[in-house]
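With chain A's structure known, arrange chain B on it following the hints.
Taken in sequence, the protein lines are chains A and B. 1 is the number of the first residue of the first sequence in the numbering used here; add one for each residue after it. 99 is the number of the first residue of the second sequence in the numbering used here; add one for each residue after it.
Hints are all accurate, no fakes.
To give an idea of the interface, some chain A residues facing chain B are shown, with a C-beta separation under 7 Å as derived from the structure:
#, residue
1, SER57
2, LEU80
3, GLY89
These are computed hints drawn from the structure, not numbers from a lab. Built from N, CA and C at the ideal position, the CB exists for glycine as well.
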Amino acid sequence: MTFEVSEETDRTLTVTVAGELDITNVETLADAVAPALDRNPQRVVVDVHELRFADSSAIALWVQWASAVPEIELRDVSPLLRRVVESMGLAETLNVTP
Amino acid sequence: MPVPLPHDDAGVAMIDGGPVSSVGESPVATDGGGDAGQGRPLAHEGHRWPYWPAAGVAVLGLVITGVLVVLAASTYSTNENRLLNLRVRDAGALISEILPTVQTPLASAAALADATGGDVQKFRTFATPYAGVGRQFGSVTLWRLGASGAQLLATVGSSPVLAASPARANSFFEHAAGSAKLSVIGLLQGPHPRLGYAFTSPGLTGRYVAYAESALPANRRSSLQSSSSFSDLNYALYLGRTQNGSQLLVTDLKKLPVTGRHAATTIPFGDSAFTFVVTARNPLEGTFSQRLPWLIGVIGVLLSLGAAVLTGRLLDRRNQAERLAASLELIANENRRLYAQQRTIAQTLQHALLPEELPKVQGVETSARYEAGVEGVEVGGDWYDLIGLEGRRLLLVVGDVSGRGLRAAATMAQLRFAIHAYAAQDDPPAVILSKLSRLVNVTTSGQIATILCTLVDVERRRVTVTSAGHLPPLLLSDGSGTYLHSEVGVPIGVRSGVRYTSTAVDAPPAATLLAFTDGLVERRGETIDTGLERLERAALGQDGDLDELLDNLVSDLRRGGGDDDTAIAGLRWLN
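For reference, chain A alone in the conformation it holds in the complex (with noise of 0.2 Å):
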């Protein structure tokens, strides 16, 4: 697993992971964005396009971050991963976009 985190001037913050993100881990992403969310992100864009696969922590960590700013986006999702957030009702707490 391999991230980068962006903050914008226009208060987004941008993660990209790449990977894969599971149990093992999710602390580490965790610990290295949490800085940033401390800093009242208007927006989170959680960047998914090279993640290969995201296990149940991952996903509940992503709804950690929704519940801690106004606005969340994940975005390019693969179908897997999409099935995997739809079937856990999360589509729209996640803001899921093609």
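Frame of chain A, contents of chain B only:
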């Protein structure tokens, strides 16, 4: 939480160990004593002196050094002897050239006397250039041998020493007369030692002897000129064929006879001979050759000792590495033991949090399984539950708390018991889930939980499905399977006070209802739908009882090792 456990465990072990003094011992050291297989060979090695190989290297190095020193020294010695022999032969050749310069004037003088009948005047004229201070001889004299002995006829230069001892003169001249060669008298002692030579003419008119004496240097010491090609040698010249001290003619050595490395040659001189002995002032091969054996010795000893020290250090390192490896092995064993222990604790806890016994309801059989993930050191967050309700109704619940460990287990226990409480007050599933959504908050706990709450009215064969983000249950009947899809609400923890919607379905006779968590169907790299189809196919291929079905599903679908834990609960109408 994996970290505190080893400490807790170590603490318990210490208390059990009894004496307080044993507390200072690390658990590793204690185990090491008990581990016969690995502790003891090391202890044995500890008793043996560990530096034998280093000593061996030192000895080998010194032996090789010794051999090289001997070889170098013997080569040096051989070459030095050879060179010295060459030099003494060269010098001998030079000395042998003196003979004519002594013999020719005397032979000529004797012949002249013979031819002139002992003419003294002619003799003086002839001999004058040869005798006197700074000339070849100190004196040249002419003698006639008669029946009454030798008679001195003429003297050129200083008076001969031999004239003072007529007896010796007679015997010497008698001896000389019998010889056709130059005769050399022994040393003539005195304040200034001299050497005498005589040549006798074989004449007809009488026997004339030309006799000359030359003075030896004071104390018989004379240094070779530094410009001489033999200036690198010390020498001693003896009269005769031996190195007899009394016959020493001249030398530049302080101590005689010559000891140490020397070479000698004998040079015939008239009826006698000279013995010429030389030693080298400096090594003829050069100082380097002389010092080479020492140099080899010193360097060899240093190299040997250095190699021995290096070997010793390498041995130390190896021993350290071996000790380290042994400790690491002990630690690894300890870790394996702790891991196994922790896994057992996790599984014990997990099973403690699951129902001990499933409720029995007339008309249905029930069964459930929980399977830990392969790397199941930690407690998983999956659970199942079957709650008997009044009027032959059952609440079948499966749930999955995100994350692992004690926090996930605690949340799972909280949810499970809350469901029991709400079910006891006869809340419908949608209300139960809505109430649960107030208990968990992802913002504070970081956790969400998916829960499937299925109310089964056994008598009316009615199944009411309510899902908080969970996978749908599978209904099997008459060789076909159906997933009972309902509106999927958000998982518990996302928002507080969510409204959930239930969907009711009528089950056919002898139908089987299976509720499960995603560990049973989810595989990396494929969609959930593929997993759901696989489950359906596997379930339809079975015709045993419910226990058997669940056993087979768990073993078949998790073949190859799921890393996630799995819960599955099932219910089957008996008719």
